[in-house]
Structure formats: structure tokens, C-alpha cells
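With this note's numbering applied, the sequence shown covers 37 to 277.
Honestly, I wouldn't trust all of these hints.
What the hints assert, rightly or not - Below are the BS3-like pairs computed for lysine-lysine, each with C-alpha atoms no more than 27 Å apart in a straight line:
{"hint": "1", "residue 1": "Lys166", "residue 2": "Lys156"}
{"hint": "2", "residue 1": "Lys181", "residue 2": "Lys156"}
{"hint": "3", "residue 1": "Lys166", "residue 2": "Lys190"}
{"hint": "4", "residue 1": "Lys181", "residue 2": "Lys166"}
{"hint": "5", "residue 1": "Lys258", "residue 2": "Lys190"}
{"hint": "6", "residue 1": "Lys181", "residue 2": "Lys112"}
{"hint": "7", "residue 1": "Lys150", "residue 2": "Lys190"}
Stated by the list, open to error - Label-pair distances were calculated between CB atoms; the ranges are:
{"hint": "8", "residue 1": "Asp215", "residue 2": "Phe252", "range": "21 to 31 Å"}
{"hint": "9", "residue 1": "Ile96", "residue 2": "Phe124", "range": "35 to 45 Å"}
{"hint": "10", "residue 1": "Asp37", "residue 2": "Asp198", "range": "45 to 55 Å"}
{"hint": "11", "residue 1": "Arg61", "residue 2": "Ile250", "range": "24 to 34 Å"}
{"hint": "12", "residue 1": "Thr48", "residue 2": "Ala122", "range": "36 to 46 Å"}
{"hint": "13", "residue 1": "Ala143", "residue 2": "Thr48", "range": "39 to 49 Å"}
{"hint": "14", "residue 1": "Ala143", "residue 2": "Lys166", "range": "27 to 37 Å"}
{"hint": "15", "residue 1": "Ile241", "residue 2": "Gly130", "range": "23 to 33 Å"}
{"hint": "16", "residue 1": "Gly179", "residue 2": "Lys230", "range": "34 to 44 Å"}
{"hint": "17", "residue 1": "Pro229", "residue 2": "Gln119", "range": "39 to 49 Å"}
{"hint": "18", "residue 1": "Ala63", "residue 2": "Glu133", "range": "47 to 57 Å"}
{"hint": "19", "residue 1": "Thr129", "residue 2": "Asp162", "range": "13 to 23 Å"}
{"hint": "20", "residue 1": "Trp219", "residue 2": "Asp198", "range": "28 to 38 Å"}
{"hint": "21", "residue 1": "Asp74", "residue 2": "Asp198", "range": "40 to 50 Å"}
What the hints contain is simulated information worked out from the structure, not anything from laboratory work.
These numbers come from a predicted model, not from an experiment.
Where is the CB? At the ideal position from N, CA and C, for every residue including glycine.
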Amino acid sequence: DNVKGNLRLVATGEQGSTITWVSSRPAVVKGTAEAAGDATQLGWVSRQATDTPVTLIATITNGAASKQLTFNVTIKQAIAPVQHDAYFFAYFTGEYEGGEEISFATAEDPLFWKGLNNGKSILQSDMGEKGLRDPFVIRSPEGDKFYMLATDLKMGESTNFDQAQITGSHYMMIWESEDLVHWSEQRMIEVAPKTGGNTWAPEAIYDPVTGEYIVFWASSMKNTETYGDYNGRPAGQYNVM
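All chains should be built: construct the whole structure from the sequences, respecting the hints.
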């Protein structure tokens, strides 16, 4: 009931099934016919001057078997151009109790920042390693939604950096907001491969051609053929991506 960006509609399912989509308003949300075989266009949303209800019908087919599912969505109205008032900064303060949490600051002049919440952290983690570092905020291309990514790492309790690179968290933390004040529940998403030792400093960009967000981060990758005791690992055994 609150769609502001493109919908991720899949064309294939489990056990070789195919999925086709019919949109009641193809000018607002593209279905299979409008996408014309271009996977990047399936589910592409064009926001209108008013909130617009759209019915999406998915037909799942596997051999002679077929089933339909109906989804009712509301595409929120397009927003007018916004005059920005200030800069926004998310940060963590250090490797001590309470330091690996997310704080916010604002500035009209980016050389002079004012900490919010009296300088106290605003977001804390009770998931994963229970520490948050390297927050990164991206505004949606539509302009009225924000996403924040952060590293799942806590060094304030004497975690060894070398060890953290080898056995660190494979997850990144994610929040969503529409106003930078109210944030969604924290999500923990596994992204690093099994041969990765950590997921650090996640960032994202938006690709206007595919309508997708591209997320990237740093990982120490294990060479599984030569992997042994990390203190005696050979040169080149770990490569940063």
C-alpha cells in the first residue's frame, strides 16, 4: 500500500516454473507484455499525479499445472521538486562501549556539523555481532525514501581485526526511512559468500538503466585450495574485493 519504487517481479520460480504478470494499469506498473522480454522493465513503476491502485495477476505455470495469484498495490503519487534545507550525516564514534552505534548530525554548511539527540546514538543493534559501523545513506531516485546500510562489527570488546577479517560477519544491516527521523525495523541480510571472511563498509548506487540498486562492500576472500592457519597464510591467499 506504499509503493514508491520499482517492484521486483520474478519471471521464473522453483522446479522450472515460469511466471507471467498482467497489470491492470500497465502505464503505471509494467507487466510481462509491456516489458517485452526485458527483465529490467518487468515491474517498472511510473508514479502518477495521485495515488494509483494497481492489480497485478501472476500466472505460475509448470507443465500442465497452472495457478494464479492476485496482488493489490498502491503506487504513491509522484512528489514535487523539493528544496533541500541541510546536509545529513550518519556516523559511529569509536571502539568503546556505546561507540559502535549510529549517530546523526546535520549541517547547513558542511564544514560545521551539529550532533542530533544531544550527541547520543539513535540506532543500536541487537542482531548479529551487535555493533554498527560505517553507516551509508542513499536517497531513492524518486526522492522521498532513504536506505541506510551498515557494517555488522563490534571491535569494542577486544575483537582482533585480523581474526575479524577471517571469521567476521557475512551480513549487512539495513534500515528504511521516509523522513530521516523515523526508521524501519533493522534487517540483517547475508550477502558475503561462504569463502568470504567479512562484510565491511557497504555502499550502494542506483542504476537508472536497470532501475536497480547496486550494493558493494569489502570482503577478505579465502583461497580454499591453500587455506590453512590464518597466522601462517601464504601471500595472496586473501584478496580484498
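Consistency of the hints with the structure:
1. Lys166 - Lys156: holds, 17 Å
2. Lys181 - Lys156: Given pair lysine 181, lysine 156 holds - Cα atoms ~24 Å apart, limit 27 Å.
3. Lys166 - Lys190: holds, 6 Å
4. Lys181 - Lys166: The hint holds at about 26 Å.
5. Lys258 - Lys190: holds, 22 Å
6. Lys181 - Lys112: Cα-Cα ~12 Å, so holds.
7. Lys150 - Lys190: Within the cut-off at roughly 25 Å; holds.
8. Asp215 - Phe252: 21 to 31 Å: For phenylalanine 252 against aspartate 215, whose Cβ atoms are near 26 Å apart, the range 21 to 31 Å holds.
9. Ile96 - Phe124: 35 to 45 Å: holds, 42 Å
10. Asp37 - Asp198: 45 to 55 Å: Cβ of aspartate 37 to Cβ of aspartate 198: about 48 Å, so the range 45 to 55 Å holds.
11. Arg61 - Ile250: 24 to 34 Å: holds, 28 Å
12. Thr48 - Ala122: 36 to 46 Å: holds, 45 Å
13. Ala143 - Thr48: 39 to 49 Å: Given about 47 Å between the Cβ atoms, the range holds.
14. Ala143 - Lys166: 27 to 37 Å: holds, 29 Å
15. Ile241 - Gly130: 23 to 33 Å: Taking Cβ atoms as reference, isoleucine 241 and glycine 130 lie about 28 Å apart, which means the hint holds.
16. Gly179 - Lys230: 34 to 44 Å: Because 38 Å falls inside the window, the suggested range holds.
17. Pro229 - Gln119: 39 to 49 Å: holds, 43 Å
18. Ala63 - Glu133: 47 to 57 Å: Since the Cβ atoms of alanine 63 and glutamate 133 sit about 54 Å apart, the hinted range of 47 to 57 Å holds.
19. Thr129 - Asp162: 13 to 23 Å: holds, 19 Å
20. Trp219 - Asp198: 28 to 38 Å: holds, 33 Å
21. Asp74 - Asp198: 40 to 50 Å: holds, 46 Å
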